[in-house]
Structures are given as C-alpha cells and as structure tokens.
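Visitor: Here is what each chain is made of, one letter per residue.
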Amino acid sequence: MTGDYSGQPAASGAAPSDETALVAALRRGDEATFMRLVEQYQTAMVRLAQVYVGDRAVAEEVAQETWLSALKHLDQFEARSSFKTWLFHILVNGAKTRGQRERRSTPFSALGEADDPDGEEGPSVAPERFMDEDGAHPGGWLTPPASWEQLPEDRVASQETRACVLEAIARLPRNQASVIRLRDVEGYSADEVCAMLGIGVVNQRVLLHRARSRVRQALEMCLSDD
Amino acid sequence: MRPMTCKELVELVTAYFEQALSAEDRARFEAHVGVCPGCAAYLEQMRTTIARVGALREEHVSPAAERQLLEVFRDWKRDAGV
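As they're listed, the protein sequences go chains Y and D. The opening residue of the first sequence carries number 1 in this note's numbering; numbering runs sequentially from there. The opening residue of the second sequence carries number 1 in this note's numbering; numbering runs sequentially from there.
Derived from the structure by calculation, the hints contain no laboratory data. Accuracy of the hints is not assured; some may be wrong.
These stretches of chain Y come out as covered by chain D in the derived footprint (C-beta under 8 Å, 3 or more residues) [claimed, not checked]:
| no. | region |
| --- | --- |
| 1 | 66-72 |
| 2 | 84-90 |
| 3 | 138-148 |
| 4 | 163-177 |
| 5 | 189-198 |
| 6 | 202-211 |
Ideal placement from N, C-alpha and C gives every residue a C-beta, glycine not left out.
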C-alpha cells in the first residue's frame, strides 16, 4: 500500500486554457461537458455538503443549488483559479449557510456540536499511553500500537472497517471532517483544499492531522476487539 | 540534536507526510522511527488509516440525480437564452 501522502500534484492541475475552454463550452450550453463535470464532482459535493447540513436530502439540494449558482455566475469565474476549487468554494459557502439555518431551527441540535467547528485541541494519542517524567523513557510508549500488517487483508478492507471509518468521520468536528474528505477521500491537493475552504495551509494541516489521528484511534478500537 | 520522543512524533506524522518538517526535524523523525518499533507501527497504522479513508470514495452518480441535474442545466439554458 504505497501512495502519495504529500498531496502534491496527484490531482491534475488543468492549464488555464482548458479551464477557459470548459467555461466556454458551458456558456454554449454543451450538455456533454456539463454531465462530465457532474460525473466528476457530484458525489464529492453531496458528501461534503452533508458535513455541514447533516441530512442527505438537504445535502443534495445544496449541491443542486451550487450547480445552478455556478451556471448563473459563470462570468464571475476567473480562470486563474481552477473551476473545481471555484465550484467547491460555492458549495461550502452554501452548505455552511444552510447548516446554520438548520441548527437555528433545531432546538436541541440533532447535528451535534454547534459552536466548535474546529474541535478542541487534543493530543493525537491518549497521554496515558506514554511514560511520564518519572518513567524510564519519558514520552516513550507505555502501550505501543500493534502492527496491523499481520491482520488479514479482508479484515482491514471489510465492510465493518468501512463502517467504522465512516462513523469516525461523522463524529469529527465539521472543519476536520471536510478537510479529511477533500484530502483523503477525494484526493485533492493541500492547495486546492485551502482554496475551497478558504483556510490557510497550516490550519489545513492541523485539521487534517487531528482528523486522521481520530480516525486511526477509531480503527485501532475496531481492529483490536476480537 | 535532541532526540524526538514517541509522544512528540505522533503529533508530527501529517507534517512528515506533507514534507512540511524542517530538515532537522525530518532527520530526528526518521532517526527515531528507524529504532522504535512502536512508532514504526504507528506510522504504518496512519498509512493504513489514510488508505481506508481513501477507499470510501464513491464514483458514481445515481441516474436519478443525473436526470435532475440535466433538467437544472436545461432550465438554466432556457432562462439564460443559450
């Protein structure tokens, strides 16, 4: 299982001329171009919107409104950003607004944490798993993690594991959930995700790290309880 | 060069993957992982975690959603006089 974890050019950065051609095709009303974009981005858009609005049907509405809004504002698209980051930026703004409205109208928020979208700072691993200052190696593992390499591949790739990962992401604070979805599910680059979410590169990395650390914790529970 | 502890290392894994560590911290990180089975296992767990999250990717749009979005496009074309 090797891969590019650095988020460098895995996603193809389209040349500005391609982007200009794309927008021109949409302006002409070219249905094939539009449907190709739908095929490329729709599922990611719905899943991302769901981070902010909770409900799947509402997330689908937000995605649909995003497409319409993008079409109506094609003249505002500037080819120096990519169409993809522009589209997702519209989506995130729409989903945030809709999510805030939904939370205001839900007396006891069914959407979980309301005012802490980043999540409080916490260590990546519970502190009691490390030796304290009196230990033989302060800051060293007291209960080290087990290797997962001996686990059968069908266990690691099981439906149960998938459900565990999905549940862990659903429990994340919104900003962490959106970053891990965009980076690790969709494979977009750090720069693209910063532009989509309107956040800085350091913040993006912190959110991604917290999100991955929490999903790892959940996986450790789920892969160890035999 | 002060050695990195396990507790410090687990906070730097994403920065390591993103190549955002200073040359010195990168060297401390790699020196530590080279001699610490616990941190080597931790790094491997983080790689597996990233791979499992990546496996959530859904490729296909439902035919119903496709039809609906095509309608959105056609309505827009009509309204915009395209």
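Visitor: Evaluate each hint against the coordinates.
Guide: Hints and how they fare:
1. 66-72: holds (count 4)
2. 84-90: As far as the region 84-90 of chain Y goes, the hint is violated, because 0 residues have Cβ atoms under 8 Å from chain D.
3. 138-148: holds (count 9)
4. 163-177: Contact hint for the region 163-177 of chain Y vs chain D: holds, 3 residues under 8 Å.
5. 189-198: violated (count 1)
6. 202-211: holds (count 3)
In the structure shown, a violation is registered for the earlier hints numbered 2, 5, in ascending order.
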